[in-house]
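Number of protein chains: 2
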Amino acid sequence: MVHVTLLGGGNLANHLASVFLEAEGIILSQIYNRTFQNIEHLRNRVEITDDLSNLKPVDIYILAVSDEAISRLSLQLKHLNGLLVHTSGAMDMDTLQPCKRIGVFYPLQTFTKSKKVDFNLVPICIEAQETKDLFLLETMANCISKQVYKIDSLQRNKLHVAAVFVNNFVNYLYTIGEDICVENQIPFEILQPLILETAKKINDIPPALAQTGPAMRNDTKTFEIHKQSLNANQTEIYTLLTKAILKNR
Amino acid sequence: MVHVTLLGGGNLANHLASVFLEAEGIILSQIYNRTFQNIEHLRNRVEITDDLSNLKPVDIYILAVSDEAISRLSLQLKHLNGLLVHTSGAMDMDTLQPCKRIGVFYPLQTFTKSKKVDFNLVPICIEAQETKDLFLLETMANCISKQVYKIDSLQRNKLHVAAVFVNNFVNYLYTIGEDICVENQIPFEILQPLILETAKKINDIPPALAQTGPAMRNDTKTFEIHKQSLNANQTEIYTLLTKAILKNR
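Line by line, the protein sequences are chains A and B.
Everything in the first sequence is counted per the working numbering, starting at 278 for the first residue and increasing by one.
Everything in the second sequence is counted per the working numbering, starting at 278 for the first residue and increasing by one.
The set of hints was computed from the structure by calculation and includes no laboratory data.
No false leads were slipped in.
Here are the computed lysine to any residue pairs in the SDA-like style, where the Cα-Cα straight-line distance is at most 25 Å:
| id | chain 1 | residue 1 | chain 2 | residue 2 |
| --- | --- | --- | --- | --- |
| 1 | B | Lys477 | A | Asn397 |
| 2 | A | Lys524 | A | Leu507 |
| 3 | A | Lys427 | B | Asn461 |
| 4 | B | Lys423 | B | Asp395 |
| 5 | A | Lys427 | A | His280 |
| 6 | B | Lys520 | A | Gln511 |
| 7 | B | Lys520 | A | Ala509 |
| 8 | A | Lys524 | B | Leu517 |
| 9 | A | Lys504 | B | Ser343 |
| 10 | A | Lys504 | B | Thr512 |
| 11 | B | Lys427 | A | Ser506 |
| 12 | B | Lys478 | A | Thr389 |
| 13 | B | Lys333 | B | Thr372 |
| 14 | A | Lys423 | A | Ser295 |
| 15 | B | Lys427 | B | Leu411 |
| 16 | A | Lys393 | B | Gln488 |
| 17 | B | Lys504 | A | Gln511 |
| 18 | B | Lys520 | A | Leu507 |
| 19 | A | Lys504 | A | Phe465 |
| 20 | B | Lys377 | B | Asp328 |
| 21 | B | Lys477 | A | Gln424 |
Work the whole structure out from these sequences, hints included.
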């Protein structure tokens, strides 16, 4: 049994609380948050606290807090003997430096408050300073996910950039798609099966081989017709991505 | 019963042939292609021909050919009495002008040769010059899909641009994600659950509300760290999309 304490009250902390409470092999000891507000609903299922001096000894303390809070919070936790890990894609493990035993537990997924997540399918990237701590983290991660990867801080930083492209930027392109639909009285739902299939396709075919469309055909006539429909911002993005696809053929 | 003839030997023609052969309410009369090569495998299931003068009278002729071929082929079909439709997102209905009864039957999905498609979930955009022909098209479309939309040529043109953003450009961003992974010895499969969840999310939440990431937070420190990892092309795209998200907040 791995004894775990969660620190944080946001989306990720709440998703992790749910999955830890149901996981075999993990005992969720406490949840800490600055205020009770976001963890109040868990009071009947686990001990909650808003006081760091109340923290009990456990195997792993998980900081599921914002990037900005990690360093500040870790300064207050340097007396702990357990393994301290953060859950950030962007921050180095060394951000936790003042503490004795440090590591990272980074679930690479987008979490929505109201939507339940199947953690079995969430890739978890782990890292630790000491081999025995990495093994401990791996044991815990294996209790909740079938996809556990050893990823160092440099690799995780690159993964985080890649995630910005395939998640944040992709979602922004969906926004443009919706804008064009709304402007032309077309229900956006027409595009949703295409969006889903585009995402599924790359499980079977590498994206470079799945590339299609006017840019792949260097179909300059279509470029001109398309640009007539777009505003300045959309045209700039259309032009740059078309140029990039053309160069990449 | 709607009697249909397919013209074309590409991906879409082959997918349509499969679904028409199984659909209730549709009789696939013939498949025409310039060469037998790509339709040969259907010989045992339907009459195939490489000679336009062999075409029998049917209710609907479907041109599932490339955009460039539509106009040329329609010139050779102006003697037909049936309804002639093309399947292109980019071309106006009027491209078929020399023919008597014209329309459009545009399935909005990405088709891969080897991958079976559930047509029930494929949105089909229909258009016709005459009301009775629109009704005929609708009857046929309803036999294979639960999502049939009346979309005129102008709207379809806009939809096609939107599809370039949410399909072609999104896939290109996946390519960048894979490139970053490969360069850093990270398995690309780590990003696939995130990619799928990002696509699924917009069924529940409009993409504008689902937007997250460093650009939404105007997190300039992260922008600088990320850009250190990117090549010139990736930096240009990162900068432009970040600027666009910032402006759109």
